[in-house]
Amino acid sequence: MNDQRLRLDLTALADEVTSVDLRDRTLRTSRRLGIQRAVATSAAALVLIAAATGTALAIRPNQSPNPLPADTPSVTASPSPTRSPSPTPSTSTSEVPGAPPSGGSSADTSAGQFGKLFYGPAEVTGAETSNLRSWRPGSNPVRLLALPEIAFKGNVGVSSDGQRVAWVDNSNDLFVSDADGSDKHLLRSDVDPYCITAVWSPDGRQLLFRELKATGGSGRFGVLDTRSAEKTVRWWSSEPAACHALWSADGQTIAMNTDTGVTLYGTDGTKRRVLPGFSPDGWRTNDVVSLSPDGSRIALLRHKAVGDAGDVARDLRVNVVLDTRSGKQVTLPLGGRTVRQVYFQSDGSTVVRVQAGSGYAVLLVDEDGKKVSETAEPASLKDMQILAAVG
Amino acid sequence: MDPLLSEFDSFVRTRTPALLRSAYLLTGDQHLAEDLVQSALARTHRSWNRLHHSGNAEAYTRKTMYHLQVSWWRRRRVPESMPGDLPEPRGGGSAPDHAHQTSLRLTLRAALAKLSPKQRAVLVLRFFEDRTEAEAADLLGVTVGTVKSQTAKSLARLRAVAPELAELYVLEGSTR
Chain A
1 MNDQRLRLDL TALADEVTSV DLRDRTLRTS RRLGIQRAVA TSAAALVLIA
51 AATGTALAIR PNQSPNPLPA DTPSVTASPS PTRSPSPTPS TSTSEVPGAP
101 PSGGSSADTS AGQFGKLFYG PAEVTGAETS NLRSWRPGSN PVRLLALPEI
151 AFKGNVGVSS DGQRVAWVDN SNDLFVSDAD GSDKHLLRSD VDPYCITAVW
201 SPDGRQLLFR ELKATGGSGR FGVLDTRSAE KTVRWWSSEP AACHALWSAD
251 GQTIAMNTDT GVTLYGTDGT KRRVLPGFSP DGWRTNDVVS LSPDGSRIAL
301 LRHKAVGDAG DVARDLRVNV VLDTRSGKQV TLPLGGRTVR QVYFQSDGST
351 VVRVQAGSGY AVLLVDEDGK KVSETAEPAS LKDMQILAAV G
Chain B
392 MDPLLSEFDS FVRTRTPALL RSAYLLTGDQ HLAEDLVQSA LARTHRSWNR
442 LHHSGNAEAY TRKTMYHLQV SWWRRRRVPE SMPGDLPEPR GGGSAPDHAH
492 QTSLRLTLRA ALAKLSPKQR AVLVLRFFED RTEAEAADLL GVTVGTVKSQ
542 TAKSLARLRA VAPELAELYV LEGSTR
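Sequence lines, in order, name chains A and B. Numbering follows this note's numbering, in which position 114 of the first sequence is assigned residue number 114; successive positions increment by one, without gaps. For this note's numbering, add 391 to where a residue sits in the second sequence, where the first one is 1.
Simulated from the structure, these hints should not be mistaken for lab results. The structure displayed is predicted, hence computed values, not measured ones. Treat the hints loosely; a few may be bogus.
What the hints assert, rightly or not - Have a look at the derived ranges for each label pair, beta carbon to beta carbon:
id : chain 1 : residue 1 : chain 2 : residue 2 : range
1  : B       : N440      : A       : P333      : 52 to 62 Å
2  : A       : R234      : B       : T498      : 50 to 60 Å
3  : B       : A525      : A       : N319      : 44 to 54 Å
Unchecked claim - The calculated lysine to any residue pairs, modelled on SDA-like cross-linking and capped at a C-alpha distance of 25 Å, are:
id : chain 1 : residue 1 : chain 2 : residue 2
4  : B       : K539      : A       : P240
5  : A       : K116      : A       : N319
6  : B       : K539      : A       : A14
7  : B       : K539      : A       : K116
8  : A       : K370      : A       : R302
9  : B       : K505      : A       : Q4
10 : B       : K539      : A       : T11
11 : A       : K116      : A       : T270
12 : A       : K213      : B       : A409
13 : A       : K213      : B       : W439
What the hints assert, rightly or not - Which bits of chain B does chain A cover? Going by a derived footprint, with three or more residues having C-beta under 8 Å, they are:
id : stretch
14 : 399-405
15 : 412-419
16 : 424-430
17 : 434-448
18 : 495-507
19 : 515-527
20 : 536-546
Glycine included, C-beta positions come from ideal geometry on N, C-alpha and C.
Whole structure, please, built from the sequences with the hints as guidance.
Okay, structure coming up:
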């Protein structure tokens, strides 16, 4: 194709647009963004004040109409950013109060080995915000805090204990809050919302992020101590050309997409090894999803070079689990079904989501690769995707 | 008037036309382009204290614009089409040339509509804004390798969805 001709034609096409004065509209939008941020900040402050007077549950703002989950701690009475457990609310935890658990077709009674699964919308909804949901097989789904779509699409991260959620909003601000939306804090501004998602360290204290340079480009990688008073950041000395980070549960390994494949790093950004099996003309991946506790296996979306190279945003679908040393595919006990998502749990087991009829089922697979149990997902989660498996 | 606001006003009014041109190629629609530029400019305004003396306000705005458009969702899962109403073509010229150019724009416009947002973005960055691969990678937040592969795929896709356009480009290119 003649590049110069294409340039000229694109220029001619661009001539079709009519220039308009966007000054007033821009300032109105900016004010709206500012108000949203102020409301969020005020809401967090109000929660702290209310908690201090013992009325947090009664007037907690920014709440979904559904009750809080029983295992979500409420905020403390202290204005300190640190949290401590407090009595759980006595309200029902399910989306359908009083209703029996839906989708309860567990194959055996060992479903309790499942961790808590966190869900977000799988497709564009058109809504400015959507609610994070959690579900533990054997119970009902729980509706949690509302997040902007950009968080679900690109960057929301759930801490390993399932208590804290971190995300970057449309203004490139990194926030953290409890899973129910309380105790919300702005941690840092000018954070890249797409390339490096907000990745929690296994101890739930630190967040790996990437800064956004004033020029608009991706900048340094930083590990932010969320519990330090100064929100201190340990900056990596290197800036790998990499996106979509995963942090292994043993705390030793960070895996990221690089070029056409995956590279494993130390937690200081030191490059360790490249996952074999990927090349520009062969298998590729632009999206990593879950890393086993010891970094030996990785779940990701693999495709041939002729496929879509992927968007900047992450894709949490999985079609293969690979050994990170040999690059060989790890067999999953799918029973002839198609794998949709895979998450490694900190105890070494694996949650595998498969297509089951018009919906999905989740399998619990032990370290030896054997299926321990299987549970059908509630129909209400059919249009959602798993974002994390914790606990 | 607040000097900062005055500076921002000036920035908006001088840079909007150029931003709209890129946004129009990204979205294929006047109103969507306006919304996109407006959203990006609003975020620039939120950071104007920091940006106004850096000289990088336009780069920041463009980066935001591309992120908003390209990454707003994983668009490949969402049926997408550019709105069908074409604005009246501008400019004069002889009737045959005018018809030819209009036809060409129609074809190119339809072909662009069949690309993914990211593929469109890569083409706009590389062939409309004349960005290097490294600059395009930086703006999109991806690796240079991804830009290279996306560019190749975008051009291949363009040839596939509009073979008549490809032939025209090749024919005209071969005579030069």
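Hint check:
Take N440 of chain B and P333 of chain A: their Cβ atoms lie about 56 Å apart, and the range 52 to 62 Å holds. At about 53 Å, the beta-carbon gap between R234 of chain A and T498 of chain B stays in the expected band of 50 to 60 Å. One distance hint, 44 to 54 Å for the beta-carbon pair A525 of chain B and N319 of chain A, is violated here, with the actual separation near 31 Å. With a C-alpha separation of about 18 Å, the suggested pair K539 of chain B and P240 of chain A falls inside the 25 Å cut-off, and the hint holds.
With a CA separation close to 22 Å, the supplied pair K116 of chain A and N319 of chain A stays within the 25 Å bound. The suggested pairing of K539 of chain B with A14 of chain A holds, with an alpha-carbon distance near 24 Å, which does not exceed 25 Å. Taking the CA atoms of K539 of chain B and K116 of chain A, the gap is near 40 Å; set against the 25 Å cutoff, the hint is violated. Among the hinted pairs, K370 of chain A with R302 of chain A is consistent with the structure: their alpha-carbon atoms are about 23 Å apart, no more than 25 Å.
The suggested pairing of K505 of chain B with Q4 of chain A holds, with an alpha-carbon distance near 21 Å, which does not exceed 25 Å. Between K539 of chain B and T11 of chain A, the direct Cα distance comes to roughly 22 Å. Compliance with the 25 Å bound is thereby established for this hinted pair. For the given pair, K116 of chain A sits about 32 Å from T270 of chain A by alpha-carbon distance, which is inconsistent with the 25 Å threshold. Taking the CA atoms of K213 of chain A and A409 of chain B, the gap is near 22 Å; set against the 25 Å cutoff, the hint holds.
Between K213 of chain A and W439 of chain B, the direct Cα distance comes to roughly 14 Å. Compliance with the 25 Å bound is thereby established for this hinted pair. Note: the stretch 399-405 of chain B has 3 residues with beta-carbon separation from chain A under 8 Å; the three-residue rule is met and the coverage holds. For the stretch 412-419 of chain B, the stated coverage by chain A holds: 5 residues have a C-beta nearer than 8 Å to a C-beta of that chain, and at least 3 were required. Only residues whose C-beta sits within less than 8 Å of a C-beta in chain A count toward coverage, and the stretch 424-430 of chain B has 5 of them, enough to reach three; the restraint holds.
Restraint check on the stretch 434-448 of chain B versus chain A: 8 residues with Cβ-Cβ distances below 8 Å, three needed, restraint holds. Coverage of the stretch 495-507 of chain B by chain A holds [criterion: at least 3 residues with CB-CB distance below 8 Å; count 6]. Chain A is given as covering the stretch 515-527 of chain B, and this holds because 4 residues of the stretch bring a CB closer than 8 Å to a CB of that chain, at least three being needed. Evaluation of the coverage hint for the stretch 536-546 of chain B: fulfilled, as 6 residues show C-beta separations to chain A shorter than 8 Å, against a requirement of three.
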